[in-house]
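Q: In case you want the letters, here they are:
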Amino acid sequence: MIQQGGAPGSGSARPAAPRGDFPLQTGADHLIRLESITKIYGSGDAAVVALDDFSLDVEAGELLAVMGPSGSGKSTLMNILGCLDTPTSGRYWFGGEDVSRLNETQLAHVRNRRIGFVFQQFQLLPRLSAWRNVELPLLYRGEHDRRALALHALDQVGLSNRVDHRPTQLSGGQQQRVAIARALVTDPDLILADEPTGNLDSVASRDVLAILRDLNQQGRTIVIITHDPEVAPVAQRTVVMRDGRLVHGVAA
Amino acid sequence: MSLLHTIETGLRSLLGHRLRSVLTTLGILFGVAAVISVVGIGQASSDSVTARISSLGTNLLTITPGSTVSGGVFGGGGTANTLTMSDVAGLIDHQNAPDVAAVAPVSQGRESLVSTSSNWSTTVSGSTADWLVANSRDIGTGSFITASDVSSQAHVIVLGATTASNLGASVGDLITVKQIPFQVIGILASAGSQGFGNQDDLAVVPITTAQGELVGGVGSVQRILLSSTSQATLGSAYIEANQVLLQTHHITNATQADYSITSSTQVLSTAQAVTQTLTILLASVAAISLLVGGIGVMNIMLVSVTERTGEIGLRKALGATPGDLFRQFVIEAGVLTAVGGLLGVGTGLAAGYIVPRTANIAVTITPLPVLIAVAVAVAVGLIFGVYPALRAARLAPIEALRAQ
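If you read the sequences in order, they're chains V and R. The first sequence runs 1 to 252 under our numbering. The second sequence runs 1001 to 1404 under our numbering.
You may find that some hints are simply not true.
As the list claims (entries may be wrong) - Okay, the calculated bits of chain V under chain R, using three or more residues with CB under 8 Å as the criterion:
{"#": "1", "segment": "79–93"}
{"#": "2", "segment": "101–114"}
Unchecked claim - If you want the ones that stay clear, here's a sample from chain V, every Cβ over 10 Å from chain R, calculated:
{"#": "3", "residue": "46"}
{"#": "4", "residue": "49"}
{"#": "5", "residue": "96"}
{"#": "6", "residue": "214"}
What the hints contain is simulated information worked out from the structure, not anything from laboratory work. Even for Gly, the Cβ is constructed at its ideal location relative to N, Cα and C.
I would like the entire structure built from these sequences, with the hints used as guidance.
A: If you want it as structure tokens, here you go:
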């Protein structure tokens, strides 16, 4: 068992919940509880263990940084946390619901309603204007007031004067802010950022991290997966991964 | 995602690749247009053949001479002069052939007709009073050749409407054929231009006059036209005529008959079968082009799925279900083919309007082939759109995201 997964890591704003007692019975107390997650790619001799009996809790309202070198299992963790992939074994509780056994369509609903993604490559559709990009997740939930919600989200990231610009007309930092707006627009329980500063210069990086920190201070739960040391000071808690396991977990 | 948004997303993506969408649409467009115009041309030629043959009368039998065999050389059908006026006399006899209503021997040749104002070359048929009945024709003005004209070898002539107007001749005028003066005694009512050639461009004289002074071959006739008393008795008229001729020709083995009898319905069904076969053949070629167009749609959709793997991954991450993506890509394929199909209908109808006016080829467009062509085009698009759409729906989001 990985004790670090259940290590207490509360911010000053929240009451500390009693944790760290194994075995875990339910994820109901936490926004996220990963319980002995193992992810194996391939089979036989070619099998690669990307996550090895991995456990981790994330509290609602937390800003958690997951760090580690390449090949440590960060991307796999991000895919599992984002419901983009399912674990080989173990349980994943999201808001008290076991999402590790859901089918593809049910996972799509969880991603749409509860998770906002920010990617290293921004992943904006080049033919769509900023607000049309932000609107995208709302299309998949049948929202009516899409333009107003998209404009509000763009306002939150300080881009209300760029709503009709296409991604190519925006700087890297602005594109990443559009992507954050797109993650915000559905009012998700969790914002999952995968190397959000990986493609940005230091000024834009600070800019984006400041926005993520502001969002966290407004009560958003954010998990940043990164190897950028600049991220750690922003986070309340940083965990370090190596070989599919947690090696270090500290409260910020 | 609601269907409306799925369609909107599909349309936006198609508009984003305008050139590609237009080129893909062209394949379907030409396929549908080809099917519509080819079937239209086939329908028109079938109609025209049917009309031509029906105008000859559906209770008509035509007796033609058999082949000559001299010194072992087969001369081909109609080369012998085996039909005579005594055959005609035998066929007219109601005792022998009760179901035969009219018997018209024909000996014809191409002659130059000269009136006071002009001259005109046309087919001059020698025949009897029954010619009118056997050919289902009516006299317009004046009268037709009578039995006494035939027996007296009278110099009288009946003209078709076109011939009369070209000659500027009317009833009572004198015209000359081979320097022999003939009196115009009648002009036929117009039968329209639907015939083997113009049915209104001809002239009829008594058969005795034709044999004696114009075509030659006294006593023998080139062919004999028979009409049965009704369409129902055509079969028995055929049998009776055959028996009479076997008897008068002293033939015991029917397979060695030196003549042949064909009915207009036989000719009609043969001709219809031929045009139908041709239409089916051409329509099949056109349908193949439609199929090729459909494969073109699948090809482009597969390219589109591969090219947009990243976009698909992103949409999945943002909450698109496999069903959402499947519908989006099927709709894109469906829109491409539906637009191509509708434009194809427009092109096909335009061809149906332009071709008859420029190339002198008749085109008859009926609603059914148009509907079938469009339905097939859309079905083709949806069927060929399913595979690429399934590929899109089944892409794993992480694989798809990594592709970008």
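Q: Verify this for me: three or more residues of the segment 101–114 of chain V with a beta carbon less than 8 Å from a beta carbon of chain R.
A: holds (count 7)
Q: Hey, does residue 49/V actually stay past 10 Å from chain R on C-beta?
A: holds (17 Å)
Q: Tell me whether the statement that chain R covers the segment 79–93 of chain V is true, taking a Cβ distance below 8 Å and needing three residues at minimum.
A: holds (count 4)
Q: Would you say residue 96/V is clear of chain R, with no C-beta pair closer than or equal to 10 Å?
A: holds (20 Å)
Q: Does residue 214/V really sit off the interface, with its C-beta more than 10 Å from all C-beta atoms of chain R?
A: holds (23 Å)
Q: Per the stated criterion, does the least C-beta distance between residue 46/V and chain R lie above 10 Å, as a non-interface residue requires?
A: At roughly 17 Å from the nearest Cβ of chain R, residue 46/V sits farther out than 10 Å, so the non-interface label holds.
When each numbered hint is compared with the structure, no violation occurs for any of them.
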